[in-house]
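Residue numbers (the working numbering), protein chains in the order written: chain L, 1 to 266; chain S, 1 to 394.
Think of the hints as simulated: they come from the structure by calculation, not from any bench. No false leads were mixed into what you were given.
Cut-off 20 Å, straight-line C-alpha distance, at most; resulting in silico cross-link-like pairs (SDA-like, lysine to any residue): (1) S:Lys103 - S:Phe126; (2) S:Lys103 - L:Leu185; (3) S:Lys103 - L:Thr162; (4) S:Lys104 - L:Leu185.
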Amino acid sequence: MASGSVTISSDTIERRFAELKAAGKRALVPYITAGHPDIERTAELLLALQESGADVIELGLPFSDPMADGPVIQASSQRALELGMNFTRLLEIVARAKMRVPLVLFSYLNPIIAAGQNALVQAADAGFSGLLITDLPVGSDPEREAWIGEGPLSFIRLVAPTTPAARMREISAHGSGFVYLISRLGVTGMQDTMSADLPATVKRLREATALPVCVGFGVSGPEQAAAVARIADGVVVGSAIVRAAGESVEAAAKLTSALRAAIDAA
Amino acid sequence: MTTAQQDRFGAFGGRYVPETLIPAIDELERAYDAARVDPAFRHELEQMLTTYVGRPSALSDAPRFSEHVGAQVWLKREDLNHTGAHKINNTVGQVLLARRMGKKRIIAETGAGQHGVATATVCARFGLECIVYMGEEDMRRQSLNVFRMRLMGAKVVSVTSGTRTLKDATTEAIRDWVTNVNDTYYIIGSVVGPAPYPRMVRDFQAIIGNEARAQMLDRAGRLPKTVVACVGGGSNAMGAFHAFVGDKDVELVGVEAAGEGLDSGHHSASLTRGRPGVLHGSLSYLLQDENGQVHPAHSISAGLDYPGVGPEHSYLKDTGRAEYVSVGDRDALEGFQLLSRLEGIIPALETAHAVSWIASQKGRWTRDEPVLLCVSGRGDKDVAQVSEMNILGT
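Modelling step: build the complete structure from the supplied sequences, incorporating the hints.
In structure tokens form, the structure reads like this:
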């Protein structure tokens, strides 16, 4: 595959956030698990999310042992693997979808290692702009972190409520695109209320980074999305979208539109 | 900040965990490194190991098994520990550390249930809340251990995701830890997981080899030619090996579970048939498919039924310091009966893999060459399961 797009793709996500900022808008970042509810509908879902107001989309490569995920994403991952979803198929889907909005590949480390040394270039060529790895914290594996950091994709790093300020700066220095702030302790999944500490954590993180800050984990509906949009640059919605996608493409699109409206009104 | 050397065994090990856990792991490492050189902690640990666990564990000669094999076999009797396995060496150490750190809520994963029982035991002893994650399939196979844990006040949570065995119980325990990280201490049961666990659990289990090395010099008048232990996650083996790693003439042999056969796809031989990958926080040999998805493990023994292995074993394999072999379900059942009949010692099915391997190696040793076998646990927990197989005939 040609890799002519490589040099520009690493800036796609930051450019997107800059455009949103100029327009006074916050980003809506839905997550779906590739291959859920089935392989055919993954491309339809991507397009439906894009048309319903997504600014960036996180597409999850399913893993057999998703230790950072709650029941909804676990179940979707297991189902997707049973249907034969893998890295190669994921890239085919993305290449065919020809998305306008930037895509972030969301994965655990092991499937990315297994995909081989060319995996990052292949992902960029297929149309991905960023990569987020749940189990590769800053400083854990300098060699692999350098492989990703020097590669063609934005390297989205995670910050947790437990992360001290000094480490936030370190994470920011080793990431690009945006910083993904985990809103609360725990695994992914829907919650009725947002953590009371969240505004303070966002404030600490803003002091540590110039990158856009997106908040995820536990954002389940428009009301919470609006609350997050008042303090962050973007809102990640995972389990709620995955659950809606399990019902139908239309249900996922409808939820995305509602989230979009709530965020824009916030 | 930790040094790379402490984090890794060669290329293996590391801390591949969600960001949320990093401060907790830093805190754990600091607490452990302070405790392990603190005379007060060491004294407290020694007292518990002596007066509660019943250490030192005996080194038994095995005259009839030795005759059968044609070597001088010695048995390091971890089966004689309180709760019947080596697992308690580690849980005593970690629970003392948890207390030192002020943690009141203890979680653990378990496969065969031995680690769950050992954790429930020390939690009862110190009055700590205890939650044990156990695969639904393992709860069925090891119902006696489930009862023992509940009897001692632990809550046993049935894990119904994935393969419903140790791998999934471990994943679920990590999820609990991520959620309750502020007040919860996770007692990992083997030399697996993110740093510092593999090193810490090895240190707590190293008493096996430290005692055995001195006992061998005392009783046999020399070091063993070969040290043999079964390997699932690998804690009894690392514990047995550690004292001998520097003794270059001592062979170290780890016995993995070949299940229904190495080519059947139903086995737990991570070192023999896996390739390096990342699971549960560390890089090590792993049973996985070409896409990096973890391949379900299989063994007749729930304690060996794990697709990963401790990273230090991967290092010992790649450096050639230890040799890793495998024994299948059927041969393990033979080993189970062999040690029972010849020595009056019913070994755990896990241990039975190592018994069977030694029995298969006739001619490898001369009659007076000492072989040290770590009897990691007693087989009472397996009697119900094995009796259903009608191995004795009618």
